[in-house]
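Enquirer: Spelled out, the chains give:
Number of protein chains: 4
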Amino acid sequence: MINVGIVGATGYAGEELIDICLRHPNVRITHLSAKIDKPEEISKIFPKFKGRIGLICKEPNIKEIITNCDLVFLALPHTVSMEIVPRLLSDRKKVIDLSADYRLKDAKIYAQFYETKHKDKIHLSQSIYGLPEIYRAKIENARLIANPGCYPTAAILALTPVVALNLVDLDTIIIDAKSGVTGAGRKATQDFFFSEIDEDFKAYKVNAHQHAPEINQELSKLAGKKINVTFVPHLLPLNRGILATIYVKKVQGSRFKVQGLNALYKKFYKKEPFIRIKEEGDFPKLKDVVGTNYCDIGIKDSGNIVIIIAVIDNLLKGASGQAVQNMNIMYNFPEYTALL
Amino acid sequence: MINVGIVGATGYAGEELIDICLRHPNVRITHLSAKIDKPEEISKIFPKFKGRIGLICKEPNIKEIITNCDLVFLALPHTVSMEIVPRLLSDRKKVIDLSADYRLKDAKIYAQFYETKHKDKIHLSQSIYGLPEIYRAKIENARLIANPGCYPTAAILALTPVVALNLVDLDTIIIDAKSGVTGAGRKATQDFFFSEIDEDFKAYKVNAHQHAPEINQELSKLAGKKINVTFVPHLLPLNRGILATIYVKKVQGSRFKVQGLNALYKKFYKKEPFIRIKEEGDFPKLKDVVGTNYCDIGIKDSGNIVIIIAVIDNLLKGASGQAVQNMNIMYNFPEYTALL
Amino acid sequence: MINVGIVGATGYAGEELIDICLRHPNVRITHLSAKIDKPEEISKIFPKFKGRIGLICKEPNIKEIITNCDLVFLALPHTVSMEIVPRLLSDRKKVIDLSADYRLKDAKIYAQFYETKHKDKIHLSQSIYGLPEIYRAKIENARLIANPGCYPTAAILALTPVVALNLVDLDTIIIDAKSGVTGAGRKATQDFFFSEIDEDFKAYKVNAHQHAPEINQELSKLAGKKINVTFVPHLLPLNRGILATIYVKKVQGSRFKVQGLNALYKKFYKKEPFIRIKEEGDFPKLKDVVGTNYCDIGIKDSGNIVIIIAVIDNLLKGASGQAVQNMNIMYNFPEYTALL
Amino acid sequence: MINVGIVGATGYAGEELIDICLRHPNVRITHLSAKIDKPEEISKIFPKFKGRIGLICKEPNIKEIITNCDLVFLALPHTVSMEIVPRLLSDRKKVIDLSADYRLKDAKIYAQFYETKHKDKIHLSQSIYGLPEIYRAKIENARLIANPGCYPTAAILALTPVVALNLVDLDTIIIDAKSGVTGAGRKATQDFFFSEIDEDFKAYKVNAHQHAPEINQELSKLAGKKINVTFVPHLLPLNRGILATIYVKKVQGSRFKVQGLNALYKKFYKKEPFIRIKEEGDFPKLKDVVGTNYCDIGIKDSGNIVIIIAVIDNLLKGASGQAVQNMNIMYNFPEYTALL
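Residue numbers (the working numbering), protein chains in the order written: chain A, 1 to 340; chain B, 1 to 340; chain C, 1 to 340; chain D, 1 to 340.
Everything labelled a hint here was simulated from the structure, so no lab data went into it.
Do not rely on the hints blindly, as some may be mistaken.
Identical copies look the same in the list; a pair holds intra-copy or inter-copy alike.
[Said to hold, decoys possible] List time: in silico SDA-like cross-link candidates among lysine to any residue, alpha-carbon distance up to 25 Å:
id, residue 1, residue 2
1, Lys50, Lys270
2, Lys138, Ile84
3, Lys187, Gly291
4, Lys205, Glu279
All chains, full assembly: derive it from the sequences and hints.
Expert: Here's what the structure looks like:
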């Protein structure tokens, strides 16, 4: 039984973490905090939790966190996490950071995309990118997890087999991604009003999104070569889910044959509890994964082009579910605990 | 050809007024203003108008309005209109005010529900409540129209025949109303974010909404007796439309018989261009009227209880469409001009 | 550990039963069947279950059901259940029937509303109406549960305290109910196409819905007097959830005072694990209960009228959740097992 | 004043044609027909038209059509149009066919994608592809218009400048398209039920859609070279609108420079009444065009890749609006009549 704190409990990821942790047999939630006007019962903020948890949510207080928690989930806006992480680590707490603060190993790229200097380069160099399908062994012993972004989770999982095995042209990877609205967080801008989004659809940050360098960093590591993907995110008029449609060009003399690609993906991911590969000709839809921690992937070998479609729930495998998966690995709980 | 100004052009009602006026053969839009950071082409703010109108939208300037306009639509938040109306009227402009400022004849009730003292009681006493089905003759010569609220338009049109003819118990009128999100205006509160509203439904201001006194005022006039309706509004996860389900009790010895009620409504409204009565057993749905200026009404005589269902587009018959209908009457244009 | 069959596994209620049973520590799903062209893995039909269950779904076969199951959930269309129930009961299986076939004790009313003669009056007279908040003691020993309809669950739970305690006028109860689309089941009529429902809202079966006699039956029992409610259901453009807004008139000399009503409801339901009463002035919204087995209720004492608002998830407390709650009671499992 | 018939009046495109024609000052609707059980007032089928049109909709009867109409819109399912067109043309009627029957000049490809042999090759060879931006001169004198598909309209308009001017690699054109649900027509399959689509998103007919050969045919003509695009359509949970995100690779030594591309598009389309090019860095969203006949296009020059985003209303510029635009050209009415 471990004591867990959730900082940033009132956002979408925080709300989801509470929900998962309440179902987790090895976890006791001992701390909830957020930027908040005055302390308030969490079940007042989220009436759906009434009768299930009695905690008060208040402004974060580092001492209280340290006193009450073994592990801390930080579901904070970018740039806020790195203010808190050093003190938590120095008190030997384990931290799973859902923000982008510890994901990009190159602080210059961080500064460019998040428009602020990085303030904690020491821990940045030690953080583990929390994608279990790639870094499971390192996650087991990690003290600081940089939980991946939602788009990168879908894109990297979809591309890892072909990139790691060097089967496609690395210079022309195109990722056309579509996300539900919770991906933007619970922030108060007019762009996210119901009447602006309902019955609408648009691209945004066209090939200029802050998740592109994260995807590039991980794919480049896999390929052993600098990769720059073309990445265009779009906003879907729905709550949850990401679908990424990915176009890659086969390399000349590539080893895989028609219908070989599905088998290759199945083999590549065969031990993974949360990756499911569709049958040849089948593609996943959002509903297959929303409410779950799965990433479902369909592949079509279409002449020179290979089309890969991956779906995740942006708040689960794309955020809080993956964070708990990481926690389960760190504490040697069965990896799927509270996630099925 | 008249010159028209729209103050509050960036809200939902303002946007809709632009759209209607661009289709109106007797209208030239000569002024657009709104609370806005810096002057901007209206076609930048609403790209759908690009190529159809070249005007700049800026902060309202009374002198410019007076110089450029014959008639002014005020699509402003409540309490702002009454700051401007006196000056417009003193310069002999005609004004159609879409806010609540000139609707409630009793300034005390206004103060109670809009939480501010009324500042222009002189014109309040002269304003005409812009519901053509009741006040057409007065609208013809009006200089200041108080354009009705969206809920009151639906509720009053649905109830007028039975209340005016004294057929139902006036003490137990129940109005269960449901509105799309644009009814709340384009305002920046977290309650109206997409993810708060999508797939949700709730009642709000339960029997405490500011449109109740407006309904009470008009029904009381019709009945010649003080009426207090029970009014519960609800928020629908969709953009446009109001559906009001109304429950009234027949009075003992009431003159109408089963199946007589439909005929009665048809006769009552037979000359009205924008009221359509459904056949016995048929009820209207939002889609029948969204995008139109119609109010469709269905009635069921059900034992002691009569159920009346009325639908309107809250931005058209419930706001901007009705405002243009009023303008058409004031200028003796065919009443349906630009509204079909 | 009990063996459970789900007949009608491909409908919304069936899908939900699978989901709940997969999380239930005392349940093994041993049979899945439905009206289906050819046998197919359930994880092909619902890809979200892939990796979690390997069963084939086929046409129902009574012998197989009897061989493999201790308890059978019937999630079938009305009139089909009564063909199967007698044989299951004669083989000493326990049955929880989610259809309407065993709810209405008066077979004449059944025939009138479901347009077919009842074929199993013997078991009809023995069935227990599966609303735990009223019939828990009888459910414990039941062999045949008539699981309540979705609208009746919300309406009866909302009205039980005031009706049982005789606090309101029983002749003028008005229930204005709004339901998500899954309430209609997964049936193929053009009325339920996306483009017919999206951005629309309407009333249907106005005071003529087959759930009215079910509500009347149970309220009449509570009151010891024949009750005929006015019941108008509406269709919301969303997937899940029912919100019922109920209007009742206080009886003269009624014992409760302003603010007394909330306390009364809290006291009435204080031992119920799935009923939550809102604070005075607070009302529930769909999101508070969607995905849960709770029924949340808010009450406003408003002069002569009392307004009661109840919300449930139509597929959980309104169908499959309540069915599992009944199963938990029948087998003496903790009542909330797999439902939190 | 011309007499117009609409065959297939009860589908989405037919409904939209009625709406546009009712606003058209030079058009009288003289015939409405559809596959229908029994003749019925069109205002019964679409209550929103009540009071605006009194026609009866019945089963199509060729003689009546020929007697009553100068021009006929065929808004029929594919393969039905070619049964009717020969007789209409032989009676010297003008025909605008919204189906795919006269679009693909190669009858073999038609047979492959529409799974039936073409039965009217003579007229197929004479039909004019009704995309005014390319074929305006031919449309003026046409007797049979093959009105373009919705996806092809968006894709071809977006690609014409770079393909016609030979600026991009023709072998690697990728079209990632997203459409609202009305694009599928008003047909009764379970895939299009509200609860299957709401809150979901998916790709379908991945690189196997029947609109791909239509796009290929027209782009190949423009390029003077065989083109095979990669085309992946997706289904959006909304009613109306198509957004196509297109990825093309610049050719080595291509003549255009950064920021030159926007100017090039503006120049290319400068006389077109319904094409609007966004400013550099701006991209269109569905709401900019839904309810209009515009196609809005945004372009980003992004290293080796050019990203082009085009939006249309699938029922207007993608179907009925474009059909009326074609009619306006054929009869020498101002091209935008009834379309603004």
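Enquirer: Each hint should be assessed against the structure and marked as holding or not.
Expert: Status of the hints after comparison with the structure:
1. Lys50 with Lys270: between (40 Å within a copy, 14 Å between copies)
2. Lys138 with Ile84: For Lys138 and Ile84, only the intra-copy Cα distance (23 Å) is at most 25 Å; the inter-copy one is 56 Å.
3. Lys187 with Gly291: both (22 Å within a copy, 24 Å between copies)
4. Lys205 with Glu279: Cα proximity of Lys205 and Glu279: across copies only (15 Å, versus 33 Å in one copy).
The structure meets every hint from the earlier list without exception.
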